[in-house]
Structures are given as C-alpha cells and as structure tokens.
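Novice: Build the full structure now, drawing on both the sequences and the hints.
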Amino acid sequence: MANSYYDPADLRKFGKITEWSEELGTKFFDYYGKVFEEGALSAREKSLIALAVAHVVKCPYCIDAYTKDGLQKGITKEEMMEAVHAGAAIESGATLVHGVQMMNKYDKLSM
Amino acid sequence: MATKSLKARHNALAESNRQLDILNGGVFEEGELPFFKDKIAEIGHFPLRPKKLEILQINVGYMCNQVCEHCHVDAGPDRKEIMTRDTMQMCLEIIKNTGAHTLDLTGGAPEMNPDFRWFVEEAAKAGIKDFIVRSNLTIIRANKKYYDLPDFFKKHNVHVISSMPHYTRGKTDKQRGDGVFDKSIKALQELNAVGYGMPDSPLRLDLVYNPSGAFLPGDQAAMEKDFKKALKEDFDIAFHNLFAITNLPIARFLDYLIASENYEDYMYALVEAYNPGAVENVMCTNTISISWDGWIYDCDFNQMLGLKVASKVKHIKDYNEEVLNDRNIIISQHCYGCTAGAGSSCQGTVT
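One line per chain: the protein sequences are L and W, in this order. Using our numbering, the letters of the first sequence correspond one by one to residues 1 to 111. Using our numbering, the letters of the second sequence correspond one by one to residues 112 to 462.
By construction, these hints were calculated from the structure, which means they are not laboratory data. Since the structure is predicted, the reported quantities are computational estimates derived from the model, not experimental observations. The beta-carbon is built from N, C-alpha and C at its ideal position, and this holds for glycine as well. Treat the hints with care, since some could be wrong.
Examples of chain L residues lying across from chain W (beta carbon under 10 Å, computed) [said to hold, decoys possible]: (1) R12; (2) K73; (3) M80; (4) E91; (5) G93.
Specialist: Pasting the structure below:
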C-alpha cells in the first residue's frame with residue numbers, strides 16, 4: 001500500500017472499479033462518456049465545467065484529468081483559471097448566502 | 112529554451128540507439144504496457160505491410176532557423192546534414208517515374224537548402240499532382256533573401272503546409288521560441304496576400320497543430336474551427352485545413368518528456384488512446400521517406416531513429432518501387448503516436 005491516500009498513478013486504474021461491479025461500473029462509464037460528448041453544449045464547454053467542479057469537489061484526480069483535457073482541447077490557461085473562479089465564486093457564495101440564515105436567526109433571537 | 116540541437120549538446124539522446132533502448136525498455140519491457148507489435152497482431156496487422164505508394168516524402172536537410180522543443184528531427188541552425196544537388200538529381204528521376212501522386216518536401220527548414228529553389232523548379236516540371244513544401248513560416252521573415260518565397264511557391268503551384276502550434280502568442284513562443292508567433296502571423300498574412308489559403312483559392316495553405324506539451328491533440332475538426340475563428344478575428348488570416356498531429360516520443364520531444372517526468376504518463380496516454388481503426392491507414396502504409404543522403408525509410412520518424420527500410424532497396428541509387436513496396440514496415444513503441452485517437456500522420460488524422 002502506498003503511504004498516502006492519493007497516488008497520481010491511481011487515476012490510470014479508474015476503469016478497474018468495473019471489475020468489482022461490472023454492471024454498475026459499465027453503466028457509469030457509458031453514462032460518463034455520453035455526458036462529455038458534443039451536445040447542446042460543446043465538448044469544450046463541458047470540459048471547463050468539469051474543471052470548475054473538479055476544484056469545488058477538490059478531487060485531485062479530476063483536476064489532473066481536466067487540466068490535461070483542457071490542454072488537449074486548446075483551452076487557454078486564462079480560460080481555465082476563470083472557470084476555477086466561477087466554481088470558487090459559487091462555493092463561497094454558497095457559504096455566504098447562509099449568512100442570511102445567520103442574520104435571520106440573530107434577529108429572531110435578539111430583542 | 113535550448114538554442115542548440117541535442118547533437119550539438121552531445122546529449123545521449125542524439126544517438127538513435129539510446130532512444131530505441133528507452134522505447135523498448137521501461138514500462139514495455141516490464142510488461143506494464145503492451146508492445147506495439149503485439150497490439151497490431153491482435154487485429155492481424157503484424158507484420159505491418161505497405162499498400163499502394165501515394166506519397167514520396169523527401170527530407171532535404173536537418174538545418175533549420177528554429178530550435179523547437181518538440182522537434183522529432185532534432186533540427187537547428189547547427190545541423191549540417193544537407194541534401195546535395197547530386198542526390199536531388201537522383202530524387203528527380205524517382206519523382207518522374209513514381210506512381211505516387213504526392214511529393215512532400217520537408218526538413219529542417221527545406222528553404223535553407225542552397226539548392227532548394229532549383230529542386231522545386233525541376234520537381235514542379237515532373238507533373239506530380241500535389242506538391243507540398245512544409246514551411247515553418249518564420250523562414251519567410253528570417254532574412255530578406257526569403258521574402259519572395261510566397262511568390263515563388265505560387266509560381267510553382269506549391270501546396271504550403273505550415274506549423275502553427277496555437278493561435279495565441281504565449282503557447283507558440285514557448286514551444287518554438289520568442290518572436291515565432293509574430294513572425295508566423297506576418298508570414299501567413301503574406302501568403303494570404305498572394306492568394307494562399309483564401310476560401311476558393313487553388314493555392315493550398317494548410318496548418319499543422321501539434322500540442323505544446325505532454326498531451327495529445329484534441330479533435331481535429333473542433334480545433335480547426337477554433338483556429339479559423341481566432342486567426343480570422345484577430346489577424347484577418349485565412350487557411351484551408353488544420354492537421355492535428357500527435358508528438359511522437361523521439362528526439363527532442365522524448366528528451367522533454369523524460370526531463371519533465373512525463374514520459375511514462377505520456378506512453379500510458381498513447382497506449383490508452385490506441386485506435387485499432389487507425390492502424391490500417393497509418394502513413395507508413397502509403398508513404399516512403401527519403402533522407403538528405405538518399406537512404407530510404409518507412410517514415411520520417413524511422414529516419415530520425417536510423418531505421419532504414421527492411422528491403423533490398425535501401426538507397427535511392429538502387430530505387431525500385433515494386434521491390435520496395437514488398438517489405439515489412441519497421442515498428443517500435445513510438446508508432447503508438449500514429450494510432451492514438453483519430454490517428455496521426457503528416458496529413459493529419461487517418462480515420
């Protein structure tokens with residue numbers, strides 16, 4: 001066992017999850033592949049969304065994968081960083097909007 | 112960024128045997144990844160055999176005005192291997208008699224060969240259907256003796272294929288050197304000015320994109336759309352097709368992969384992207400490559416690896432197309448570069 005929870009080489013083994021549950025694994029990868037195909041959104045747009053989400057869910061494998069995918073699609077580093085900020089803004093906004101709950105509670109409890 | 116070739120730096124990778132040791136060893140020798148020959152044997156393509164010869168690719172020398180980080184030729188200003196007029200004369204005999212419909216001149220920067228113009232003038236008379244010169248663009252702006260190249264190409268109805276790694280300055284200059292982007296843009300505008308690359312123009316101008324780093328090219332059609340839009344909007348430049356070419360792990364690109372600790376990941380990515388459907392049309396099945404000194408190879412990559420064709424006809428002095436076409440193509444693990452994704456060749460994807 002590696003002396004760490006994350007090993008970059010494990011990303012290559014992602015497909016192996018199917019070995020322990022073939023039906024669900026296969027269904028997942030079929031779905032995953034379909035999601036990232038060109039559709040109403042371009043594959044390029046989806047790659048940037050994936051990169052933003054990868055940061056929000058703080059998945060190091062996904063960050064590696066979608067940085068590389070972005071490079072392959074000719075996405076610039078400025079576009080990538082803006083996508084990360086879009087994710088970060090929603091994440092911090094999600095925290096801050098709870099400030100309203102705090103304010104409501106504060107007001108309710110206060111005379 | 113290096114300003115000298117691996118050869119001038121006495122880098123161990125300047126020796127093709129060292130490169131082949133790496134390609135045959137490591138993750139392949141240890142069985143982590145399959146050898147290319149086993150992979151193509153699965154679909155009955157081993158040994159790999161040529162089909163009809165369609166393209167004669169002639170490398171007129173390794174000298175170049177640029178020292179691109181990814182160059183599989185290890186070209187540069189310090190390379191002295193240049194095709195002589197005598198060798199060109201032998202090539203002309205082949206061009207006149209070949210069944211191939213395409214002649215593809217490459218380098219280095221082919222324009223730096225002192226007999227380049229003579230060779231183009233003579234070859235153009237041979238009535239070949241598609242006459243390609245691979246121009247790196249900056250050469251057109253490198254020295255005033257090259258300023259008239261767009262007119263020269265036009266006069267001889269040459270099909271120009273040029274490298275353009277990205278439509279942004281940063282990425283282009285990082286791969287190819289400072290100032291390359293601006294010079295390339297200027298050269299493209301000059302080619303457009305004489306009619307090259309315009310929508311209905313018979314003067315063909317295609318661009319080659321290859322990734323500036325340890326990753327594979329994306330979808331060729333999508334990239335072409337992005338390139339066309341950006342170059343048109345930002346610089347009013349038009350071109351015909353974009354060829355997305357995968358960097359093969361040899362010469363300077365191999366050196367880069369190893370130095371940046373990306374080699375294994377890159378080989379995994381190539382093997383993972385292996386597309387059996389691309390094997391049938393890999394370019395070595397319809398192309399032969401001739402070096403500056405007249406030796407014959409299955410492709411330009413094998414030329415750089417010193418892998419001469421497995422045929423009785425190994426040199427143009429003994430050229431015989433029929434004998435040559437009856438051979439097994441020499442392969443190694445670099446060949447995964449041509450079968451990844453939609454496939455890759457000097458003419459772009461192959462599927």
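Novice: List, from low to high, the hint numbers that the structure doesn't satisfy.
Specialist: Checked against the structure, the hints that fail are numbers 3, 4, 5, while the rest are satisfied.
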